[in-house]
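Enquirer: So the chains spell out like this:
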Amino acid sequence: MKKLVYAALVAATACGLSSAFAGDATKGKATFVGKGCWQCHGYEGQGGSAGPRLANTQLPEDGLISFVHNTNGIMPPFSEKLISDAELSDIYAYLQSRPKPADPKTIPLLNLK
Amino acid sequence: MTEPRNGSGTDRRRFLKGAALAGAAPAIAATTSVAQAQVAAPRHLPSALPPNAHQIAAETHTPGPIENRIGGKPGSDFMVDVIKTLDIKYTPSNCASSFRALHESIINYGDNKAPEYLSCMHEESGVGMAHGYFKVTGKPLMTMVHGTVGLQHATMGIYNAWCDRVPVIIIGGNDLDAASRPPGVPTFHAAQDINTIVRDYTKWDDMPTSLQAFAQSMVRGYKIAMTPPYGPVAISLDAGLQQEPIGAHNSGLYIPKFTMPSPPAGEMGAVKDAAKMLLAAENPVIVADRAARTPNGIRLLVELAELLQAQVVDQGGRMNFPNTHYLARGAGVTAQADLILGLELSDFWAVVNSYTDNGEHGIGYNSAKAKAGVKLISISSVELLTKANYQDFQRFQSVDISMPADAEATLPALIEAVKSQMTSERRAQNDQRAEKAKKAFADIRGRETAAAAVAWDASPISTARLCMELYNQIKDEDWSLVASEGNVSNWPNRLWKMEKHHHWLGRSGGYGVGYGAPASVGAALANRDLGRFSVSIQSDGDLMFAPGVLWTAAKHKIPLLSVMHNNRAWHQEVMHVQRMASFRNRPSNYGNDAGPIGTMIQNPDIEYHKLAESMGWWAKGPIKDPAQLGPAIKEAMAVVKSGQPALLNVWTQPR
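Note that the protein sequences, when read in sequence, are chains A and B. Residues in the first sequence are numbered consecutively from 31, following the numbering used here. Residues in the second sequence are numbered consecutively from 4, following the numbering used here.
Hints listed in this document are in silico derivations from the structure and should not be mistaken for laboratory results. Among these hints, one or two may not hold up.
As the list claims (entries may be wrong) - In silico lysine-lysine, DSSO-like type, Cα no more than 27 Å apart, as pairs:
no.: 1; chain 1: B; residue 1: Lys-439; chain 2: A; residue 2: Lys-135
no.: 2; chain 1: A; residue 1: Lys-143; chain 2: B; residue 2: Lys-500
no.: 3; chain 1: B; residue 1: Lys-442; chain 2: A; residue 2: Lys-143
no.: 4; chain 1: B; residue 1: Lys-637; chain 2: B; residue 2: Lys-627
no.: 5; chain 1: B; residue 1: Lys-439; chain 2: A; residue 2: Lys-143
Let the sequences and hints guide you as you build the complete structure.
Expert: Written out as structure tokens, the structure is:
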């Protein structure tokens, strides 16, 4: 099962199934918080010890949607009953709207001697 | 048959010892009523009595020295004599009647020095303070707890100390003599086998019934606690034993000499075999959890790692290995190892296997994460002390060489064995291995800072920003991160320069929430005496288990900078309940909060800065704007440097 999910994700990526950002980033932010995504990924999708970074993700939209519905990895699956494809599209738009992080070399606190 | 508790003639110790014989005596005469047998009726005395000899002497002679009413040196004074030989500097305790005699002796007879009594609001705080203190100094403290209920309060802290292999001397009160102890509360708080509640997670416990037995018990308990694997011990003291005079039957009391035990080292044959396997490995990885008991343990581990050019995973039970060293690595490197040397691991199974909480029917599944055929060597003193009930021993992991021995004590012999067996060909490989390792290390550092930069300006403040703003202010001090509870994605260990043993003290051991606040105060107390700057990253949920320890810090002028990771939740549980809802394919009920009902600490938000202020701390908050954080930390540091504790209530991202 785990392999199948991974294969679906790879296939989705390889076939370029992702569409343009059809979602609404503002709604996506509300859904990201309201459905509990922030709990593991942070309010900004920055990631941390409980979940990977999602902000500005390189995953295609369809890949993300497929993963959320089917994962049997560390993340529990969220079925379409719990979060619809449309809601995930909104979340995807929100994640892509996050400001690109600055180059760490330009942040003095990340270059302390 | 009966004797009043404050009667002049009977020695209570002899009474206790004679209790068995008395029990065999004939029953009370049939003519005595039940009520009379239970309580002697008061005698009717005339209103005026002729003076006795003592009163006549008092009125007609020069007054002599005032003697105490008990007619000699109290037993608890002797107990203080014993305790002082062990050089126990503090006793953080919550006062209680069952050890009132020892309390009085410590502060008056013992001049409140070694140990100095520190006022605590909760027994768990006393144990937690002793826990943190030890991890800075390597010396145990003694904490006194009330009979039954006080010990019950202390239990979670004791379990944490047990799992974290930290010695704490718990002295409990008890009032054993059911015939003479006060009725009511002291009897509620007495027990026949009072230490049974902690026996499964202490190394040893005792209930001495004579002062000589106490002397032996105290020295024995200290020795057991301080023999690796370290651990807590509990000694219960009868109230009568504390309160009554030493008396003639205790003549010849002596205090046994304490000799620090040497730690158990690995057997030489196994050490040589381990060296042979390490040298034969292409990619040996060392995993250390509580390996470096002392600063010397770090030096030894660096020497072994460089000798082998082996990557080191520091699991962080203690500060084992400098994170600035090019051989320092995250846990992922074990996947490519052909040999793993585990040093004082609390869970070797989890080093080579993984558990994913997302299997069929809501049950997790196991999978291997190490290479097939990987060789495993374990050096662990904990294998010398395994108890049955609590499951801190984790899953069983088969290994190729098992040394039930203290890792730090074994490392010198292992280093020598590696040196003596190393061929010139093997030594020649080291330069190439080192070059490769240095390049990989630089790449890792770059990835860490890139991850930290994400959401750098976010509000609530990112945990990476929190940690780096803090580090920026303390980096030039002789700092000590005394606790980091609540999970800030491990940023201090990833980005701060951790090189000294006191830079990182590890975690609670048993994951009992409520460790961070008291352990921080205890460690800060130790660092105060050593002239170091203490900082803690204090989570909200942890603080609220026993926040009274803040008052203890203020009262005893313990300087500590406490920067809160206030994510307004018991965040681990937020995710657990969400996970359950997802498994069951139903929406999670958040009520009016941002997460599942029962897991959030909001509505209302707790104003921790006001809480701290009310207990004598300098405090500020809530800080939500990352731009305000650096200046606030600077302000708080000035307070801490003046000798006071300071707290910043910072609203943070979840992790």
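Enquirer: It remains to establish, for every hint, whether it holds in the given structure.
Expert: These are the hints, each one checked on the structure:
1. B/Lys-439 / A/Lys-135: Within the cut-off at roughly 24 Å; holds.
2. A/Lys-143 / B/Lys-500: holds, 9 Å
3. B/Lys-442 / A/Lys-143: holds, 19 Å
4. B/Lys-637 / B/Lys-627: Given that 27 Å is the threshold and the Cα spacing comes to 16 Å, the pair holds.
5. B/Lys-439 / A/Lys-143: holds, 23 Å
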